[in-house]
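Generate the whole structure from the sequences, applying the supplied hints.
From first to last, the protein sequence lines are chains X and D.
Going by our numbering, the first residue of the first sequence is number 1, and it counts up by one from there.
Going by our numbering, the first residue of the second sequence is number 722, and it counts up by one from there.
Not one of these hints is a red herring.
Facing chain X, from chain D, some residues (calculated, C-beta under 10 Å):
1) F1385
2) R1416
3) D1422
4) G1426
5) F1427
Per label pair, the in silico range of CB-to-CB distance:
6) D/G903 x X/S196: 49 to 59 Å
7) D/T1415 x X/E572: 27 to 37 Å
8) X/D410 x D/K917: 33 to 43 Å
9) X/D260 x D/N765: 19 to 29 Å
10) D/G903 x X/E235: 13 to 23 Å
11) D/N765 x X/E235: 37 to 47 Å
12) X/D534 x D/G941: 25 to 35 Å
13) D/S1382 x X/R644: 29 to 39 Å
Keep in mind that the hints were calculated from the coordinates and are not lab data.
For glycine and all other residues, C-beta sits at the position ideal for the given N, C-alpha and C.
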Amino acid sequence: MTNKSPVLLCTCGKQLKLDYDYLETEISKLDLAGSVTVHDFGCQDSGLETIAELIGESEARLVIAACTSQKIQPRIDQYLQSLGKDSSRIAYVNIREHSAWVHKDPSEASKKSLDMIRGALARVEDSKSIVSETKEIPNHVTVIGGGIAGVETALSLSNLGYRVTLMERESSIGGHVVQLPVIAPTGKSGKEIFSSRLKALENDKNIDVMTNTTVKFIEGEMGDFLAHYISPDDEDEKTLQTSAIVLATGFKEFKPTMIDEYHYGKNPDVVTQLELSRMLTEDRMVRPSDGKPVNEVVMVQCVGSRSEDYKRDCSKLCCTFAIDNSLEILERNPDANVQVVYMDIRVPFENEMIYKESRERGVDYIRGRISMVWENDNTTHVRIYDSLLNQYLETTPDLVVLSSAILPSDGVAELSETLGYALEEDGHVKDLYGKLRRTETRRRGVVAVGAITRPQFVFEAVTDAQAAALVLHNELHGGKIEKVARGAVLNVDDCVGCSLCAQQCPRGVPLMIEQTDAEEEDEAQKILFKAAIDTLNCHSCGVCQSLCPSGATQLNFLSNSQLWSEIEAVLEGADHEYPITVCFYCEECSVSTIDIVGTQRMEYPASSRLIPVPCAGRVSIIDILKAFEHGASTVMIAACEKDRCHIGGTGNEIAQVQIDVARDILNAIGWKGERVDMYRMFSAEPDRFTNAIREMVKRAQELGPTPVHKGTAGKWMEAVE
Amino acid sequence: MSESKSLDDMAPKRRRMMDMVLALGGLKEESVIPLSKVSEEIANLKSELEPLATEILAFPDAYFEHFLDATEKSAIISRITNKGLLKQATSYLQQAVSIRDTGGTRGLLNSMSSALEVLETKDEIEDTAAVNIESVLSPVSDLIVQIEDIVTGYEVAAEAAAESAHSELKSLLSSMSEAVSGIQGDPTSALDALQKLGTKTRYGPFLRTSAQVKRGIREGRIDEKRALHLVSENILIELRRGVIMFILSKMGSRTVVEISRLMDSHSSDIQAAIVSMIQRGEVEMVGLDEDAPVFSRVLETVPDSTLVFKRILQQLNGIGKSLEGDIHAFVDQSVRRMEFLLERLQKLGQYDETTLAEALNSLRETVDQATEAVLQSKPADSSEDLRLLVSAGLEAFARFRLKIALEKGPNLVSGTNVYGEKLDPEVYERMMSSYLDNELERGTILILIRELGAMTAKDLGEKTNIPKDRILQHLLRMKRDELLTSAGESHGYLLYDVPRTPTEAELAVETASSLALQLTEASSEFESLLQELRAEDIGKVVNALDVLSKGRDKLVKLTIEGNVVGKEILLGIEEKIRSAVSLSYRTRTKIPSTRPKVTLDDLAEVDVPSVLDEYKAMMGYAPLLGFGTIEWDISKCLGCKSCEIACPEDAIELKPVFEVSKIFDISDEALDNLPVNRSLFYKTVKGLATQKPTRDIVLADDSPGFGTVEVDLWLCVACRTCVRRCPGPDEGALELELKWSLPEVVRQITSKH
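Structure follows, in structure tokens:
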């Protein structure tokens, strides 16, 4: 059995200014290198054929030194997969964007390329084949919530070929939408909007609608969720097996009973905007207290919204709702007088038109607040403070309508306890990544649509629903999902049960399982835990690996020993005469930034050595210290911007901790802490990277030889005070 | 530490310790309730009490008007011959009048003062005349028969009461089993139901335990599972004890088998309950029914008549030994009958002493006379001491014992004892003189108390010139011999009295006058508290209302010539007082009590293990498991924070301080013991270092994997959870050392910070 791996050097059409002869000779000398092949077009058909041949040479191990893997890897993977060959053991070295294009001196660039190829050879030597198995799962999705978003998702999923169970807590489908007299910007009523969907739902044999059904909790993983629910005909809890969950429980209107000045709940003529909508829909526009006609209406905006005490942000919908409803009132009673007391009118998109229309139709807008509502002789009195006129107005309306805040519906937090999705501070479901993955939640196989994530207009909820259906389809593949792929794999025997992985995993994948059997036998009455990691749910950031004290959890494509031998190999021969800066970079924002630096041919010192990691959170303090141990003069981590870690948000913060502690330790043990640092970057500002690397190279030169270079490292016992 | 802290400044753990101490003492301490809530509760209470207050405040005055009428009509005061009692009564009434001068109390005071004057002027000394012993003792037989009849009457009445209690017991048991069946479904409401039953049994430990558990559930300290367990086990056991107490107090003494039949539960359960009740001093064994022990409630005080009867019995027994022939057989027979009677009285426990008074007093007089007669029929030698005592008119019984001692004593010097030993005449002299001194002093004390009423050691010291310590010694001795009983206190001194069998009149006057004072004090306090009700006064309000309520209950039992005085007034006020009491109790449980002011120094005296055990026994759990110190070993720590997460009290914390120098001191062996990456990390650091760090690294933020474990001993309850959870090598990085000495722990805690 050989541990040598073939190396393919691509010249990119002979345009890379590297010394290929030097590289070929030097690589051939390396213990771990097998054959060395120089190819002009690795990405073209002939190159792909060569790669396919090379793959056969050494148990699918191969190092490809070419352009950025972002570009070339998908092509090669696809090609090899079509031939049924394993592409999981290929290591890529970017000698184009990361070397040839950014360094003036070809010999320096060649040396850097050689070092990085040596590193890749070390990494690939110990790599394992990652076989992705597929798993058959039920072709079934459960939608919780029968409002517009839930119904739309159910219909879309059914169209994609899934069987769907739609669970609704109330006795009928339709949610809030069917109660709205008019839906902006269509001008149609909620019932009208919903009726076609209701018909489609009735005719759809793939959708099972369950009303009066409450979901208690859900356990399991994507492909094998078990929903526990209670239905009306049976008191016992029932279960339903399903492959994915759609959260569509919508919103709840804030009931301002505790805000004394509005007298809501005490005076029947004080209603919320949604209650008014219901009155309009049911066509009973009379005073709730005595059934007399409604002529004077005062509407109050931002009740509970934009308030530190109740809901801090804007509820987005209420202004449009209020305007719609005032127009509706005027439609039915042209003599009615509607006053809207507001802080700011916020009507997005084309809703601006109805705002204008309402002003033309005579709706009176008063900027200010209501100071109090009271009753006298069966009349409702309202005192309004007009902040533009700086005076108090008093009126006696027939109806006071409060535009109440939009809150997440009840039970969202309870469900999250077993379902494991994250929540925003205000109780809405948190999306996976605000910019790019809006409908996904932290938990794989669970999507959130409609107002459960934030207040949404009907058309937004519908778009959301359609998007979420596609996102789920992408995951479920119609019932065939990948079982084991790239990700963290736990060796349970090595796990000591410290729970650091479970505490810090950005996706909450590791679960701590109490070992009750072992506890019974334990003489010291220890409370024993072991982690359990479902690789299926892992997003491969490596945070658990970085923190694990026993090496029990490791990424199956980048083990500790792989990275440590890569570090050692990259730094072979590093000394103080040519001080080396090691840069660990994440394969999210940082690789994009560094690649763009390359394509823009921005120059930076060639004494840098780049080592890829899936996420900055993968870099442990041991990795950093290992780099110094093997001769690095400075070490940096390139990571995503703060709060923009693409792997769920906290990988870069774990990296920051490693850097900070490493710096403190270096200072404490007689080194210079400045030898290590962390830089955040994103592709739109490539000079963040060049500035960072220049700074670290400068420090490497200024700080001079490290104790490792000087041979004093580890001699602390001889050191005199 | 010497400076005293109030309860509010106390560390949480201290507070919990205190809580336990207080809970055992029946008090509660809470302070988490916001001030606004407190004021709200107080305001509510005030508005609820005010409509009740007028009538409650008016009732004592109205009652004593009636009482005065009744005493005048029946002339009971003039029938009282006990000067001590009258003196005491007048002093009570004087105090009451000084607080509030009302017609009823003032009138009572006047008539009692004049009765006392009359009594003092006609003080006469009766000569004792020589009498024939047989004729003196002849009425004894009749008197015993008479008493036997009365006691049989008591027993019939007790049986009837037991009968009526039977149906009450039945309903109690059926609602109990109903509540029990609901425990599994909903322990909280089952607890409510049980609590209601508990008030019927009036068994203190149950009421306390259930209230504590309820509070624990409300505050979330007791989880559902635990609550279920507590309600279905501990609470139920306490309630069972309560029912036993109900049976013993309402249906009289019983054997275990009888109780188990009554309660329809297994006798082993009852046996277990009884055993713990004996340990708590609530139940005692009073006799045997064949082979089965008969248990009775421990009475706060044994009825004086029982004590008197016992003493007469002893006296008669003593006389019998000095007699010969028929009269000896007669006395012997009487003694046997009386012994049986005594046992019956003891089994009865409480009974209406007044009906027994006449017969018992005659019996006592008869036996006293007989003792005199025995003394005279066998005149002693011309012993100075004996003469002195006899002429001093000492207590007959005491004199009798003295006479025997003086007669037989010289034999010890002249002859030998059963072991053939002789007594040194000098020793005998010394022994005899100290014995005589003692008897003389005790006799004097008894006479004074009998004539002048209950007295304290201080009063006796002033009257007799006997040194105080000796008086105290005599009093204690005579109390143990049941020659004296304690009769309350005066100015902080215990009052001692001879056992007396009170007549109805005496009982009425005594009770009424002492209640007059209590009720006047309580109502005037209640009135002034209510004017501006403050949270810190809630305890006083509760106490005042309690006094009013209990006073009312006592007055209802008070009769003059068989009739309850002012029945309408008392019944009319019953509900009002009761609801006022329960309202204020309810408020008190909701707001923090302001007493007692416990200091840290007080706590240092607490015997920790016993408090913990007692609390656990009562509640089934203890919020505080102990006091201890926790040692942390960095060489085994993974910085994983599991201890902090697991700690139920937030007492342990991973602080962002990395004691980097310490890892240089970890032995290679210990390093190899660590999980592999942890060990590699330390070895790498050591391999890179050019110097040993001198200072700790203070980290800017919490850093997973790094830190120093610190334990706040003020919070730690020594539950050992952290030690058990620590995933470090071997036994883990933490070690708990339990310490029981509170001052020692306090020193540890304070030395660190």
